[in-house]
Amino acid sequence: MVMAVDVDLDLVRRARAGEFEAFDRLVARHERRVYNLARRILRRPEDAEDVVQETFLSAMQHLAGFREEAAFPTWLLRIATNHALKILRKRRGLRTVPFEESRGRDESAGGPIPPPAYIASWREDAERVADRPEIRRLLDRALAELDPKHRAIFLLRDVEGLSTEDAARALGITVANAKVRLLRARLKLRERLTRSLGDPSTRVEGHAHDHDHDHGHGPSSGASRDAARVPGPRAPGRPIRRRFHP
Amino acid sequence: MKRKPSVYRPPAAKAVRRFSLSGTPEMKCQKMLRAINDYVDGVLDPAICEGFESHLAGCNPCQIVVDNVRQTITLYKAGKPYPMPVGCSRRLHRLIRERWKAKPE
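Going down the list, the protein sequences come from chains A and B. The opening position of the first sequence corresponds to residue 197 in my numbering, with each subsequent residue numbered one higher. The opening position of the second sequence corresponds to residue 362 in my numbering, with each subsequent residue numbered one higher.
Because the hints were derived from the structure by calculation, they are not lab data. Beta carbons are placed, not taken as given, at the ideal position from N, Cα and C, and that holds for glycine. A few of these clues could be false.
Claimed, not checked - Simulated restraints, written as ranges between beta carbons of each label pair:
id, chain 1, residue 1, chain 2, residue 2, range
1, A, Gly289, B, Arg460, 29 to 35 angstroms
2, B, Ile409, A, Glu264, 21 to 27 angstroms
3, B, Ala439, A, Asp206, 28 to 34 angstroms
4, B, Ala439, A, Arg210, 19 to 25 angstroms
5, A, Glu264, B, Pro442, 51 to 57 angstroms
6, B, Gly448, A, Arg337, 46 to 52 angstroms
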């Protein structure tokens with residue numbers, strides 16, 4: 197069996213030798229993946245198209261610089277991420293902080309991770325519901341609500357399957373920073389999805405996260421307030437059992 | 362019909378040290394949260410992993426959170442990609458062909 201990696205490498209070598217059809221096939225093999233990443237990071241189809249075009253033009257220009265120790269799609273996604281970040285930066289203008297980390301902006305250093313507020317088992321298994329249109333809309337909405345820097349790391353790492361190191365390199369951030377961003381992204385998505393997909397009868401209380409945790413939830417987050425205000429119905433004999441920590 | 366919720370079941374707890382015995386409850390919670398990623402990805406340091414699993418065995422909310430995170434990732438991975446518009450693909454291939462011809466050898 198010919199591995200996809202070998203097919204890519206063969207095409208890259210032929211394209212380097214001047215064969216246009218080989219490069220055109222590389223484009224055909226990977227255009228959808230690049231488009232999807234860009235579309236999910238930037239959301240606007242026209243921006244995604246810009247990224248796809250810029251990515252393959254850059255790839256064409258720098259094909260000689262592609263080092264074969266990285267997989268070709270990983271290299272492409274790195275280029276695509278760069279172009280997507282440029283568009284994000286343009287959108288944000290000069291007034292705001294840059295997307296990438298700068299001095300004092302390394303998230304790995306500190307800042308507490310917001311604790312889970314709505315904790316309940318999902319009503320159905322993820323794999324069974326993934327194709328439903330309403331679930332797809334929910335996923336898109338949840339992703340759109342994320343900060344772009346959290347969205348980008350989640351897409352690269354968990355949807356595209358890049359290693360944390362490759363994802364960090366694509367984003368121009370440290371591995372430690374990538375890990376913290378990924379954690380924040382996953383926890384935010386978990387929170388958002390569980391509020392829609394969680395089974396209220398399985399709901400349990402998390403750790404209150406204030407010092408006086410015998411007196412219920414602290415007022416620090418809207419999510420905690422919501423959780424305290426709208427307790428889901430609980431099955432008889434299944435009181436809120438444990439705090440997030442014993 | 363209501364299905365029995367799928368909750369992650371960790372392996373039976375062994376007699377190992379607790380995940381964290383020191384610090385305030387908030388610190389324990391932060392440590393637990395920070396370890397969730399590595400645990401879900403299967404790359405948590407074995408020494409910490411034992412403590413993590415021991416904690417999980419006795420903590421239903423943590424079990425649910427770990428399971429939720431796994432399901433969240435599964436759901437996004439299983440999601441269908443956006444179809445690439447035909448026009449977008451056509452324009453891309455045309456552009457590539459033009460630039461290929463124009464590029465210096």
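These are the hints, each one checked on the structure:
1. Gly289/A with Arg460/B: 29 to 35 angstroms: holds (30 angstroms)
2. Ile409/B with Glu264/A: 21 to 27 angstroms: violated (36 angstroms)
3. Ala439/B with Asp206/A: 28 to 34 angstroms: holds (31 angstroms)
4. Ala439/B with Arg210/A: 19 to 25 angstroms: violated (34 angstroms)
5. Glu264/A with Pro442/B: 51 to 57 angstroms: Distance hint for glutamate 264/A, proline 442/B is violated at roughly 27 angstroms.
6. Gly448/B with Arg337/A: 46 to 52 angstroms: 26 angstroms Cβ-Cβ, so the 46 to 52 angstroms window is violated.
Hint check: violations occur at hints 2, 4, 5 and 6; the rest are consistent with the structure.
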